[in-house]
Amino acid sequence: MSKTLFGLLLRTLVVLAGTAFLTFALLWNAPGDPAAAIAMARFDALLSQEVIDQVREEVGLNTSFWPAFWSWLGPLLCFDFGNSAVTGRPVWPDLWGAMTYTFPLAFAGLMIGLGVALPLAIFAAKRPGRLSDRIAVAIASLGAAIPAYWLGLLLILLFAVQLGWLPAMGARTPAHAILPALTLGLGVAASLTRIIRSGILEARGQAFLPAIQRRGVPEAAIGRDHIAPHAAIPVITVFGLELAFLLEGAVLVEVIFGRPGLGTFLVSAIAARDFPQVQAVVLLTALVFVVSNLIIDLLYRLIDPRIGERDA
Amino acid sequence: MVSGSTVTKLALRVSDLSAMRSGRTILYPTSLNIAPAERIGIVGSSGSGKSTFGHALIDDLRRQGHSVAQVPQSPDEALDPLRSMAFHWQEAERALGLKPGTADREALFATLKIEKGDMRKRPWGWSRGMQQRFVIAMALIGAPDLIVLDEPTSALDPVVAAATMQLLDQHLTEQNIAMVLITHDLGLASKWVSKLAVMQDGHLVEEAATQDILNTPQTKAAQSLVAHRNWMALPC
Amino acid sequence: MLTVDTIAVKRGSKLALQNIAFTLAAGKTLAVVGESGAGKSTLIAAILGFLKPIQGQIAWSGQPVRSCRPALVMQEPRAAFNPVLPLRRSVLEPVVAAGQSVPEARIKRLCDGLEIKEEILERRPNEVSIGQAQRVGILRALIAAPPLVLFDEPLSALDAVTQKHTARLIRDLQAEEGFAALIVTHDLGYAVAHSDEIAVLRAGQIEEISTPQQFVTAPKAGYCQALRDAAIALGGLEAAA
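As given, the protein sequences belong to chains A, B and C, one line each in that order.
First residue of the first sequence: 1, per full-length UniProt numbering; consecutive thereafter.
First residue of the second sequence: 1, per full-length UniProt numbering; consecutive thereafter.
First residue of the third sequence: 1, per full-length UniProt numbering; consecutive thereafter.
I should point out that these hints are in silico values taken from the structure, not numbers from a laboratory.
Virtual Cβ for every residue (Gly too), placed ideally from N, Cα, C.
Don't take every hint at face value.
[What the hints assert, rightly or not] Calculated cross-link-like contacts (lysine-lysine; reagent style BS3-like; alpha-carbon spacing at most 27 angstroms):
#1 B:Lys99 with B:Lys113
#2 C:Lys117 with B:Lys220
#3 B:Lys116 with C:Lys52
#4 C:Lys52 with C:Lys14
#5 C:Lys28 with C:Lys108
#6 C:Lys10 with C:Lys52
#7 B:Lys121 with C:Lys108
#8 C:Lys220 with C:Lys28
#9 B:Lys99 with B:Lys116
#10 B:Lys99 with B:Lys121
#11 C:Lys14 with B:Lys191
#12 C:Lys10 with B:Lys113
[To be verified] A few chain A positions that, by computed beta-carbon distances, are all more than 12 angstroms from chain B:
#13 Arg89
#14 Thr100
#15 Phe103
#16 Leu163
#17 Ala272
[As the list claims (entries may be wrong)] The following label-pair restraints were derived from C-beta to C-beta distances:
#18 B:Asp16 with C:Ala175: 49 to 57 angstroms
#19 B:Arg94 with C:Thr211: 50 to 58 angstroms
#20 B:Ala110 with A:Pro218: 24 to 32 angstroms
#21 A:Ala244 with B:Asp118: 51 to 59 angstroms
#22 C:Arg109 with B:Gln223: 28 to 36 angstroms
#23 A:Phe21 with C:Arg89: 49 to 57 angstroms
#24 B:Arg120 with C:Lys14: 23 to 31 angstroms
#25 C:Ala175 with A:Ile307: 28 to 36 angstroms
#26 B:Arg94 with C:Ile209: 47 to 55 angstroms
#27 C:Ile209 with B:Gln223: 47 to 55 angstroms
Construct the complete structure from the given sequences, taking the supplied hints into account.
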């Protein structure tokens, strides 16, 4: 086990290093003159070549690729993302501020998704093929087909404009987070419902179940002890993908609801060609993914150790 | 019913069991008597309805309040690969209303010669032969009135299968437990049971003592099974 | 004649077979018996050339075995066919692969010999019984008249009565066609009743090669004897008088 853990950690590090290198290389080679873009963001006007060159030197764009890469990577290892090329302020506090908006939102979305999907899926799987199942599946399919921006606008129209129950724009109070979290959560619920439902149905088809029923084990215990673990395996797999959907969705939802957060942060950083900021966001995203995949891998091995053995 | 110091078990009886699958009758009304500690073989070719009858028999006797244990064809059909052997054992105890740890595991394991198995492991950590014996041991918890075995040897290598049958046979005799052996192989059944029930197309067509069926089979189905009961009996 | 000359075969880093040596002449049958994991499937893979021995050679009359186009009959009859094609298409594969014309007369004769109606060849694998599917599997194996046929547990998916019937059909066809048959089985009764020689495989090595008669009356002490006694206890064999 400690050996596989070491292997997984090593894999995590390799992925992170690769991501760091790739983001840097891609941004470095992006078309257009980054120095001009930065200068424009700073001074907000057409500028002379002199000013642009001055910016280039200041930001460190005048060196060649490798020295620039190493001088960025060095501090990064101590969690220092450098300073913003536009404002000159350190990246980390601003990034952290954005995270405190986005992560709770994403988490709330995930919980709403699970909270809706789990009962709906269990309800649907109770009598597969029957009307109750078809209705549940139809609701889930509908949820998956509706794009987040449309659902978001619909919710604003209903709860903020018509009913006036909830605020629509901004992020001043926790109540402001309800509609964005719902938008995000219902999208997640749609795909989770289908996965959990088919996971349960597949688990119910396991060859050993009739014998366990005949042994006299109560239905509730069978569901808890045998069906749930088997159904969990495909669900956990999808969770990793779901996370990608959540971060993507969060960007969109933040724009719709005018919330600060990673999405707004990233959009403005890209527009301004703010290298350090963009890189910081990309690296952070990569870190979230790699760590969550690490956790998923460990969970797999906990539920079904054969998965680890097959790899070895 | 207590006679002397040993508990006499009741005779078991199922009557008019039938079964349908997707609108087709796969088991016509069938009855069977099982005397205490009797060994009965339900034999027939594939699709004759013998396994269906076996399942219906278990469910019906359960409803009557008898304790009936089942051993499926392969350990894959009895054990959850994600759960440890210890979990399966405790689950079986709880299902019988026993407190965990009260069944005499050591004695049953010793009987079936699986004392060395690691209970913390999951089924696939054990050899198939040991898994099958574990399933049989589980079925014997609390000395049931009847144990139903469905092709118990087909998933095992012959040497292990023969040894398992011998150990089981001995235990059933000691504990006065009745046995129903479901198999397509009359050769196998005739070695271990005293009475045979021959199935064909969802009907129980013939029922008699093993020796009588071997010597004078009455129906076509029984004659075919007898003629094909082992490889040497055929005119080669 | 099939010659397996003291081969050793590795599977991964493990030695799966060693010191395996036997010959099998045309028209004769060799049964290979042993428990699961003894190396039976590895032996078949090695003879068909899918696994290369790290030592020794396998040859058919001095040539590589592949050159005689050996046929294989598999354990799971239905799994051996493409589920969406009618059986006829699958049956004709060996002929089409060799670029020959469709031997209608031969199909008819083999169908007669296997006691199957030609019509069932128009059906798909899941539309016939397992017993029928296995006979179609044998038909496919024999269609191009191979001199060597390998049977991998050909009867274990069938019930007791169908097993014996199918075994007799195989033997009768062998008498007509004269192919050499290598039958891998865990069923000692089948081996004793239908082979000229029995090789007992255990943990990758041959314990004993003997005639069925010898095997029943005086098996080598130890594993072979245990195997015979088990077959008697399970009703597959009758004790020698």
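Hint check results:
no. : hint                                       : verdict
1   : B:Lys99 with B:Lys113                      : holds, 24 angstroms
2   : C:Lys117 with B:Lys220                     : holds, 23 angstroms
3   : B:Lys116 with C:Lys52                      : violated, 38 angstroms
4   : C:Lys52 with C:Lys14                       : holds, 14 angstroms
5   : C:Lys28 with C:Lys108                      : holds, 25 angstroms
6   : C:Lys10 with C:Lys52                       : holds, 8 angstroms
7   : B:Lys121 with C:Lys108                     : violated, 55 angstroms
8   : C:Lys220 with C:Lys28                      : holds, 23 angstroms
9   : B:Lys99 with B:Lys116                      : holds, 23 angstroms
10  : B:Lys99 with B:Lys121                      : holds, 22 angstroms
11  : C:Lys14 with B:Lys191                      : violated, 39 angstroms
12  : C:Lys10 with B:Lys113                      : violated, 33 angstroms
13  : Arg89                                      : holds, 52 angstroms
14  : Thr100                                     : holds, 39 angstroms
15  : Phe103                                     : holds, 32 angstroms
16  : Leu163                                     : holds, 47 angstroms
17  : Ala272                                     : holds, 51 angstroms
18  : B:Asp16 with C:Ala175: 49 to 57 angstroms  : holds, 50 angstroms
19  : B:Arg94 with C:Thr211: 50 to 58 angstroms  : holds, 55 angstroms
20  : B:Ala110 with A:Pro218: 24 to 32 angstroms : holds, 30 angstroms
21  : A:Ala244 with B:Asp118: 51 to 59 angstroms : violated, 40 angstroms
22  : C:Arg109 with B:Gln223: 28 to 36 angstroms : holds, 31 angstroms
23  : A:Phe21 with C:Arg89: 49 to 57 angstroms   : holds, 53 angstroms
24  : B:Arg120 with C:Lys14: 23 to 31 angstroms  : holds, 26 angstroms
25  : C:Ala175 with A:Ile307: 28 to 36 angstroms : violated, 51 angstroms
26  : B:Arg94 with C:Ile209: 47 to 55 angstroms  : holds, 52 angstroms
27  : C:Ile209 with B:Gln223: 47 to 55 angstroms : violated, 37 angstroms
Hints 3, 7, 11, 12, 21, 25 and 27 from the earlier list are contradicted by this structure; the remaining hints agree with it.
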